[in-house]
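Turn these sequences into a full structure, and let the hints steer you where they fit.
Protein chains in written order, with UniProt numbering: chain A, 1 to 56; chain B, 1 to 456.
Hints listed in this document are in silico derivations from the structure and should not be mistaken for laboratory results.
Treat the hints loosely; a few may be bogus.
Under 10 Å between C-beta atoms, here's a sample of chain A residues computed to sit facing chain B [stated by the list, open to error]:
| hint | residue |
| --- | --- |
| 1 | P8 |
| 2 | V26 |
| 3 | L30 |
Don't be surprised by glycine CBs; every beta carbon is placed ideally from N, CA and C.
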Amino acid sequence: MSPDDPVPMSAAGAAAAEHVRSVLAVLRELDTHPDLAETHPAAAFDPMEEPPGAAL
Amino acid sequence: MQPYEMTLASAAEAVRARRLSPVELVDSVLARIDEVEADLGAYVSVTADRARRAAERAEREAADGRPLSPVHGTAVALKDLIDVAGLPTTASSRVRAGHTAAADSAVAERLAEAGTALVGKAHTHEFAYGLTTPQTRNAWDRDRVAGGSSGGSAVAVASGTATFALGTDTGGSIRVPAALNGVVGLKPTFGLVPLRGVTPLSWSLDHVGPITRTVRDAALALSALAPGWAAEADDAPEPGGSAPLKGLRVGVPRNYFFDRVDADVEAAVRRATERLVELGATPVDVEIPMERYVQAAHWGLMVPEAAAYHEPNLRSDPDLYGPDVRALLEAGTAVTAADHLRAQRARTMMARAWARLFTGADLVAAPTVPVTAVRAGQEEVAWPDGTIEGVADAYVRLCAPANLTGGPALTLPVGRDRRGLPIGMQLIGAPGRDGVLLRAGEAYERAEPGAGRAAP
Numbered sequence: 001m002s003p004d005d006p007v008p009m010s011a012a013g014a015a016a017a018e019h020v021r022s023v024l025a026v027l028r029e030l031d032t033h034p035d036l037a038e039t040h041p042a043a044a045f046d047p048m049e050e051p052p053g054a055a056l
Numbered sequence: 001m002q003p004y005e006m007t008l009a010s011a012a013e014a015v016r017a018r019r020l021s022p023v024e025l026v027d028s029v030l031a032r033i034d035e036v037e038a039d040l041g042a043y044v045s046v047t048a049d050r051a052r053r054a055a056e057r058a059e060r061e062a063a064d065g066r067p068l069s070p071v072h073g074t075a076v077a078l079k080d081l082i083d084v085a086g087l088p089t090t091a092s093s094r095v096r097a098g099h100t101a102a103a104d105s106a107v108a109e110r111l112a113e114a115g116t117a118l119v120g121k122a123h124t125h126e127f128a129y130g131l132t133t134p135q136t137r138n139a140w141d142r143d144r145v146a147g148g149s150s151g152g153s154a155v156a157v158a159s160g161t162a163t164f165a166l167g168t169d170t171g172g173s174i175r176v177p178a179a180l181n182g183v184v185g186l187k188p189t190f191g192l193v194p195l196r197g198v199t200p201l202s203w204s205l206d207h208v209g210p211i212t213r214t215v216r217d218a219a220l221a222l223s224a225l226a227p228g229w230a231a232e233a234d235d236a237p238e239p240g241g242s243a244p245l246k247g248l249r250v251g252v253p254r255n256y257f258f259d260r261v262d263a264d265v266e267a268a269v270r271r272a273t274e275r276l277v278e279l280g281a282t283p284v285d286v287e288i289p290m291e292r293y294v295q296a297a298h299w300g301l302m303v304p305e306a307a308a309y310h311e312p313n314l315r316s317d318p319d320l321y322g323p324d325v326r327a328l329l330e331a332g333t334a335v336t337a338a339d340h341l342r343a344q345r346a347r348t349m350m351a352r353a354w355a356r357l358f359t360g361a362d363l364v365a366a367p368t369v370p371v372t373a374v375r376a377g378q379e380e381v382a383w384p385d386g387t388i389e390g391v392a393d394a395y396v397r398l399c400a401p402a403n404l405t406g407g408p409a410l411t412l413p414v415g416r417d418r419r420g421l422p423i424g425m426q427l428i429g430a431p432g433r434d435g436v437l438l439r440a441g442e443a444y445e446r447a448e449p450g451a452g453r454a455a456p
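Listed below in structure tokens is the structure:
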């Protein structure tokens, strides 16, 4: 298998993937949120840095 | 009282005062393991010889009269995701067969330096990716789940087979088993306790923290795990007196945390919140922000990050994973970058909204989990409104917000349900305000009898 190939998906994995997609769908409502332009991703940060809300 | 029944605070104090030998404490804990472990299944491995050698060293250090740490001479269990040099970190998974940790994790180093004795590696739900730890049984009812994923750690503390333990928490995995077993669990502020040498589930959400029999014990354990942290550095009301929580504003949620919660759980948590008010706290009505997006933000981070970590093994040896974990990991490989970034941005919004909430309240008091320990093998919870919820989803639901914000969350026992099963209340705080939660929890504990008893 080439590392470029997708990870093989079992039947249970495919069902779980569909369920995950359905749960994540609600996040698309935030695509039109008025604050979105000023909202950067809170990527996994170095633990020595402050969590995103700490400064407020 | 047998030494294994002592709290961390009382055992450490007795060691310092030379009334208790660390060897005597470790022998008592090991005897307790012999008595109950076959029934409970909390441990992957018991490190009796190592524990006795550490206890002998701790005894010599105590006799030398040198300054001792607040946890010196006590017996600790580590969730088997946490590296100890020379021992396997199995993650309770066949994937890790033959593994040996090359070096101590940061927390193992700190606890060894602090004079503790490692009694064993405790079971986790495989790779921390679940909420029941099926190998382990609840300390109060063997037919019920231990909770997870730090089920072994919580059961060890509840049953007296460790003075205290460490767990990890990505979506409640310290707090859920602590609540279900009637003990205290602290998810500290993100990054306060280092994660070096802890097998990750989700880099954005992982925390490591203590599971103890009392809130006072949790504060002592945190001081050993995060030596730079000091409770006094938090701007919190001082305990003591008839109104020890005067000045503390307790947020009482009007939404989310009491939606779809068992009636006994709700009643116990509301009574406990009133107790905080009787102790001088001021109740403040709070609206929990962005409740609609909690699960999606949590999954949008955890599911692809877990898959990314496990991708090589998913390619080479997928059959070595348990079916539930394998399905979730495979699903994570299909999450798009766009959805993952949506979750990251939702998290930023959520953290900012919670920071605004904490300008009007010092902490939020809420149930830790909506139901007590379910029967082993039960997969769903049926709610009076007709909805059906998976057990894992139900257990994560009230814990996930604090993983998303990075703020501390402390669970403590606040009563029993109609079946006699433990109920937990969680106190949730702003990042960096761990001391506020611990002081509030300690004040509650001092006012309520029976804190810190081990399960029979």
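Requested in this report: Check each numbered hint from earlier against the structure, then list the numbers of those it violates in ascending order.
Outcome: Structure breaks no hint.
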